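Asks: Chain by chain, the residues:
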Amino acid sequence: MISMEDANQIMDALEEAHVKVVVFLPESRLKPLYSMLLNDSRFEVITVPNESTGVCIAAGAWIGGKRSVMIMENSGVRVACEALARIGLERQIPIFIMMAYRGDFGEENWWGVNHGITMEPVLHALRIPYQVVRHSEDLKPAIHNAVLHAETSMYHTAVIVGRSVIS
Amino acid sequence: MNRYECMKRLAGKLKGDELFVISLGKMVDEWENAYPTVRSLNMGALGVECGTAIGLATALPHRRVICHDSDGSQLLDLGCLAVLGNRRPKNLIVFVWDNESYDSLYTNPPLPTETRGNVDLAKMAAGAGVQYTMTVRTYEEFDAAVEEALAANELYYIVVKHDTSAPAEQLHRRVQDGVEGKYQFLRYIEESEGLQIKPPCAVL
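Chain order of the listed sequences is P and C.
So the first sequence is numbered by the numbering used here: it starts at 1 and just counts up by one.
So the second sequence is numbered by the numbering used here: it starts at 1001 and just counts up by one.
Isolated chain C (complex conformation):
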């Protein structure tokens, strides 16, 4: 499977008020093209997405949070699996975009992550206590998994096995740096939730 094709399929099934936490590399540009929105928080690093998504889902339990993570990133923060399994936030869906490679830039040959060997992240999540885990390998399986997760009110952990191919179309680059993207997201949360997270002057 091609990741961008999967992302476009996901984008077509969303309600329009979901919040997204996303990793780094070309995945960010692909999501930006598949689903351009200020509701995406681009973390730009490995090993921080899932934890951030758990915190966001905890703060806003009435909002659906979708985490776009990767195999390399999950492997860097396996501690989050234990938190997911014990807390089971019902408003969180974790997609692990697993190309079995430390490569999101379409370079060849892609260097392997541990999931190219015996490591099975979905089974690890299940072992940590996550009830709804699956690994999908075809577009049909991906569509079915997305529909099931979006219809449910449960934590889902979906490992998407995809290849390292580039998108078939030319994509534009996301231009916001981390700080600008953070503020876009933050101001959207403030407006949509009626909150003041970063007022002009901090007050206790």
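Isolated chain P (complex conformation):
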């Protein structure tokens, strides 16, 4: 699970990048981050029951002038695949995604391995540029770069928090 320090670092980076709307579907690896976000007045937090719903909300907030992020487990990119394709490839409305990397090399749960098998191929298929963060000190620059690159390219970007940071 991610440390409180790293969760705080992520929230500070989001604030520095002027992210105002945080959408998430919680999971265990980033649990401290979700808990802290629910009590942090810097962000409008929207919880969702489905990652596809979540990326749509993030897109709507962005085009309304509020930078946004969708935070989820990496299995969510499969669930949200159709919406990401429609919103990104058809409309070029950018969505910034943060994901916990389940199934990263060294995964200890049998059911988590499949998330790792599919995540990068799905991101490649959707042409979503991403950075896997394996050191805590890279979290902030990765988040800042993903926000910038999304708006420059008018396309989705992703930051994936690797096992070394979330285990």
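Do not rely on the hints blindly, as some may be mistaken.
Stated by the list, open to error - Calculated cross-link-like contacts (lysine-lysine; reagent style DSS-like; alpha-carbon spacing at most 30 Å):
| # | chain 1 | residue 1 | chain 2 | residue 2 |
| --- | --- | --- | --- | --- |
| 1 | C | 1123 | P | 140 |
| 2 | C | 1015 | P | 20 |
| 3 | P | 20 | C | 1198 |
| 4 | C | 1123 | C | 1198 |
Claimed, not checked - If you want the ones that stay clear, here's a sample from chain C, every Cβ over 12 Å from chain P, calculated:
| # | residue |
| --- | --- |
| 5 | 1013 |
| 6 | 1024 |
| 7 | 1049 |
| 8 | 1052 |
| 9 | 1057 |
| 10 | 1111 |
| 11 | 1128 |
| 12 | 1163 |
| 13 | 1167 |
| 14 | 1203 |
If you are wondering where the hints come from, they were derived from the structure by calculation, not from laboratory data.
The structure displayed is predicted, hence computed values, not measured ones.
Idealized CB from N, CA, C, for every residue including glycine.
Position chain C against the provided structure of chain P, taking the given hints into account.
Replies: Leaving out everything else, chain C in the frame of chain P:
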């Protein structure tokens, strides 16, 4: 009821600063003819409108957002009902244009969605926590529902049961593709809200 006739009735009751998120197919051309405006964001897909409208309504809580969704689209993203019911954005009205069919192109015979059976989207929305839900089946009921929703400052979820008939008049096609339409909408938001959403160079 004919959908285009309903849309014209709705258009006649609007204030003029509402924002619209709309689905796909002939519904888009019908709305374009009933109410031509750069304030309409055409999403061109099923299952993405309601979520996008929730995000837009969250970002701009002082603006009225109207979502033109369909039965097929709502059924593809039922997760949005839970978000609607829990958040109840007061500046959002969701119209579900429900022809009980996967058909917006006036073809025959239209293939059924689940709402042609036992599924009742208004009751599902109510069960999810949306307070103001209704299903309308006549022009009189439609007019009354629109007037009530526009006068209120509450989330409304209105299922409009209409047939699959074509408009009685010839309509022109919306020519903008998704990207062009997106930019039209985006630049209108920037201008009307005094925002820079997509500046020449991205800045942190």
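Asks: Now look at each hint and say whether the structure bears it out.
Replies: Now the hints, each set against the structure:
1. A hinted pair counts as satisfied when its Cα atoms are at most 30 Å apart, and residue 1123/C with residue 140/P does not qualify at roughly 45 Å.
2. The suggested pairing of residue 1015/C with residue 20/P holds, with an alpha-carbon distance near 29 Å, which does not exceed 30 Å.
3. Taking the CA atoms of residue 20/P and residue 1198/C, the gap is near 16 Å; set against the 30 Å cutoff, the hint holds.
4. Our distance criterion of 30 Å between C-alpha atoms is broken by residue 1123/C and residue 1198/C, whose separation comes to about 40 Å.
5. Look at residue 1013/C: its CB is around 24 Å from the nearest CB on chain P, clear of 12 Å, so calling it non-interface holds up.
6. Listed as a non-interface residue, residue 1024/C fails to keep its Cβ farther than 12 Å from every Cβ of chain P; the least gap is roughly 10 Å.
7. Chain P draws residue 1049/C into its interface by the beta-carbon criterion, the shortest separation being 8 Å against a cut-off of 12 Å.
8. Listed as outside the interface, residue 1052/C is inconsistent with that label: its C-beta sits roughly 4 Å from the nearest C-beta of chain P, within the 12 Å cut-off.
9. Remark: the non-interface label on residue 1057/C conflicts with the geometry, its nearest Cβ contact in chain P lying 8 Å away (cut-off 12 Å).
10. With a cut of 12 Å on Cβ distances, residue 1111/C stays outside the contact zone with chain P, its closest approach being about 20 Å.
11. With a least CB separation of 10 Å from chain P, residue 1128/C falls inside the 12 Å interface cut-off, contrary to its annotation.
12. Listed as a non-interface residue, residue 1163/C keeps its Cβ farther than 12 Å from every Cβ of chain P; the least gap is roughly 27 Å.
13. Taking the minimum C-beta to C-beta distance to chain P, about 25 Å, the non-interface status of residue 1167/C holds against the 12 Å cut.
14. The claim that residue 1203/C is not at the interface with chain P is violated, since a C-beta of that chain comes within 12 Å of its own (minimum 8 Å).
Consistency with the previously given hints fails for numbers 1, 4, 6, 7, 8, 9, 11 and 14, ordered from lowest to highest.
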